[in-house]
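S.K.: This is what each chain is made of:
Protein chains: 2
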Amino acid sequence: MSQLPESRRYAVLGSGALGGFYGAKLQQAGFEVHFLLHSDYEQVRQNGLWVESCWGDFHLPQVNAYASVEAMPPCEGVIVALKATQNHLLPRLLPPVLAEKGVVILLQNGLGAEPEIANCVGPERVVGGLCFISSNKVGPGHIRHLDYGSVLLAEYGPGYAPQGITPRLQQLQADFQRSGIPTSLSPDLMEAHWQKLVWNIPFNGLSVVFNADTQQMIRDPEARALAEALMQEVVEGAAACGRRLPPSLIPEMLANTEKMVPYRTSMKIDYERKRPLELEAIFANPLRYAQQGGVQMPRVEMLYRQLQVLDRLNRGIPAFSPTCG
Amino acid sequence: MSQLPESRRYAVLGSGALGGFYGAKLQQAGFEVHFLLHSDYEQVRQNGLWVESCWGDFHLPQVNAYASVEAMPPCEGVIVALKATQNHLLPRLLPPVLAEKGVVILLQNGLGAEPEIANCVGPERVVGGLCFISSNKVGPGHIRHLDYGSVLLAEYGPGYAPQGITPRLQQLQADFQRSGIPTSLSPDLMEAHWQKLVWNIPFNGLSVVFNADTQQMIRDPEARALAEALMQEVVEGAAACGRRLPPSLIPEMLANTEKMVPYRTSMKIDYERKRPLELEAIFANPLRYAQQGGVQMPRVEMLYRQLQVLDRLNRGIPAFSPTCG
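Protein sequences appear in the order of chains A and B.
Just so you know, we're using the working numbering here: the first sequence kicks off at 1 and counts up by one.
Just so you know, we're using the working numbering here: the second sequence kicks off at 1001 and counts up by one.
For reference, chain A alone in the conformation it holds in the complex (with noise of 0.2 angstroms):
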């Protein structure tokens, strides 16, 4: 794993609730960051980005923004976050944006992306990222920040075999703190996956089932009680993978789940805006993989069927009969 260069600029791709949010503390910090953007091209190439923030409101007058990868320059830290559901789009984005010596860090939830992206640029220039925030986009150019923030790097490598603390892991880290973004650094991306899985499965997925938020979840004992069941089910596939969680992991999320403010999970927000959930990252390749080491994760699976059911009736996407061929 070599170090980056000296010199680091960054390309953001996907510059909504997280990409826009980083993106802007870093060029705030005084990086070179270049946007990839989408619908919201026009108005932040003339009006650049807004952000509300819990730390602290800023707006930056005048970003890089472009429409397409082909007029940005090589970066050294291209930051994705896109919709996981987006990721068919990186073999044609990432190769123009991405330098020689460059990294691509991924921000998203959930198992199995890395290995694709890894696939069309090489396992060495992959870094997995994790965000612990609540942040939404509100308009075009215009970020909500409401709580949280951090960030957690770690390594990707072939298998997700644990690939330890690189020098390149604290330069990007050294980058992201002077940017005022806590950032803490794990040996293990497959290990700080399953970490965050146990939340995000239970918690994500009841949300739409229910359509509830966290509160409203916590507070109800039978939805603790099958939330709880299925923390236990992602710790045991978790192991399957060879990642023992600590036992204090569940009853320390579920406390933190109490004292959260009420909080809309992105699985219930991209539901609501009929957007495709994120269900290959967050449950599919999960179940994949600790299948692969021999456990099934029953309830855990269930909710995913029920999840796909529900995700295709919100966007009316027509399911085939299987007796009609």
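Keep in mind that the hints are not guaranteed to be accurate.
Covered stretches of chain B, as calculated for chain A (at least 3 residues, CB under 8 angstroms) [what the hints assert, rightly or not]: (1) 1220 to 1228; (2) 1304 to 1316.
A few chain B positions that, by computed beta-carbon distances, are all more than 10 angstroms from chain A [unchecked claim]: (3) Ser-1039; (4) Gly-1056; (5) Glu-1070; (6) His-1088; (7) Pro-1091; (8) Arg-1144; (9) Asp-1188; (10) Asn-1211; (11) Gln-1216; (12) Asn-1256; (13) Arg-1275; (14) Pro-1298; (15) Arg-1299.
Quick caveat, the hints were computed from the structure, so don't treat them as lab data.
C-beta atoms are modelled at their ideal positions from N, C-alpha and C, and glycine is treated no differently.
Let chain A serve as the given structure and place chain B on it in line with the hints.
M.R.: Quick look at chain B alone, frame taken from chain A:
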């Protein structure tokens, strides 16, 4: 099991979609029927019952309508067609209206209600009835019968021990058939209930979770697979109670559901009307009986928990927080 007297009067407790329909059919055929009403009492006393039915519409301008059981004569056949969630009223409602040699005919889905009724009138005075009908109450004293309509009757015995076909059952069957109600008899009430639960547990439960009708579910591959997995668990639950259901049952039920016109289940209708769901009879008690026989039904249990949460949120019932005692 004694025979019923030759001269039989019928009472109907719960004159809604089921009780209103079957009671009206009995009266139309010439039987003396006495209807207990609650919110519709004044309307029905003055204007009788209107039945729109796929078997032919009819109007009974004059019915015996009562606002309290104390005013009703003792009847030999007391049809209970309340929602199962109202069964706590029965110890008060039944004694005044049940003739000494009379029988309670409970038209309800699920397990566990007959033993409670037996506790208050004696097990030898309880008959279970399963209705295969699509009907709704669309206004006060106004019932719409959409499809199907048959009834299956079976004797209740302590611990749901099979009682065979009694002369009394045949008398009831004759009365129902004379009223145009296709009526079959079963020697084993518990087996009949389990058989119906094989359909009711998945399709009633999932229709609430998915906010979907039967066609939407049966056409979606994941919903169908989930329904089938739930059905399999229910078959195993039945086996734990010593009831071996035929292996052809599940494929037949799935095929029939495909052919059905799109159908909103009764639980979905209750949910839409923000009425309490019949979760005890259809979920909690079957889970308990299966467990007593050593069988867990994990998917059924998860669905049950989800429905408890949805039911509470739907009706705005605050769940206690386990951390606040």
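S.K.: If a hint holds in the structure, say so; if it does not, say that too.
M.R.: Quick rundown of the hints versus the structure:
Counting residues of the region 1220 to 1228 of chain B whose CB lies closer than 8 angstroms to any CB of chain A gives 7, which reaches the minimum of 3, so the coverage claim holds. Interface restraint, the region 1304 to 1316 of chain B with chain A: holds (7 residues with C-beta to C-beta distance below 8 angstroms; minimum three). For B:Ser-1039, the condition that its CB be more than 10 angstroms from all CB atoms of chain A holds, with the nearest at approximately 29 angstroms. At roughly 33 angstroms, the least C-beta separation between B:Gly-1056 and chain A is larger than 10 angstroms, which holds for a residue marked as non-interface.
Against the 10 angstroms criterion, B:Glu-1070 stays outside the reach of chain A, whose nearest CB is about 39 angstroms from its own CB. For B:His-1088, the shortest C-beta to C-beta distance to chain A comes to about 21 angstroms, beyond the 10 angstroms cut-off, and the non-interface label holds. Distance check on B:Pro-1091: its Cβ is at least 28 angstroms (rounded) from any Cβ of chain A, clearing the 10 angstroms threshold; non-interface status holds. Against the 10 angstroms criterion, B:Arg-1144 stays outside the reach of chain A, whose nearest CB is about 26 angstroms from its own CB.
Listed as outside the interface, B:Asp-1188 is consistent with that label: its C-beta sits roughly 31 angstroms from the nearest C-beta of chain A, beyond the 10 angstroms cut-off. At roughly 7 angstroms from the closest C-beta of chain A, the C-beta of B:Asn-1211 falls inside 10 angstroms, breaking its exclusion from the interface. With a minimum CB-CB distance of about 7 angstroms to chain A, B:Gln-1216 fails to clear the 10 angstroms threshold, and the non-interface call is violated. Separation of B:Asn-1256 from chain A is adequate, the least Cβ-Cβ distance of about 12 angstroms exceeding the 10 angstroms criterion.
Non-interface status of B:Arg-1275 relative to chain A is upheld: no Cβ of that chain comes within 10 angstroms, the nearest being about 18 angstroms off. A beta-carbon of chain A comes within 10 angstroms of the beta-carbon of B:Pro-1298; the shortest separation is about 6 angstroms. Not every beta carbon of chain A lies more than 10 angstroms from that of B:Arg-1299, the smallest distance being close to 5 angstroms; the non-interface claim is violated.
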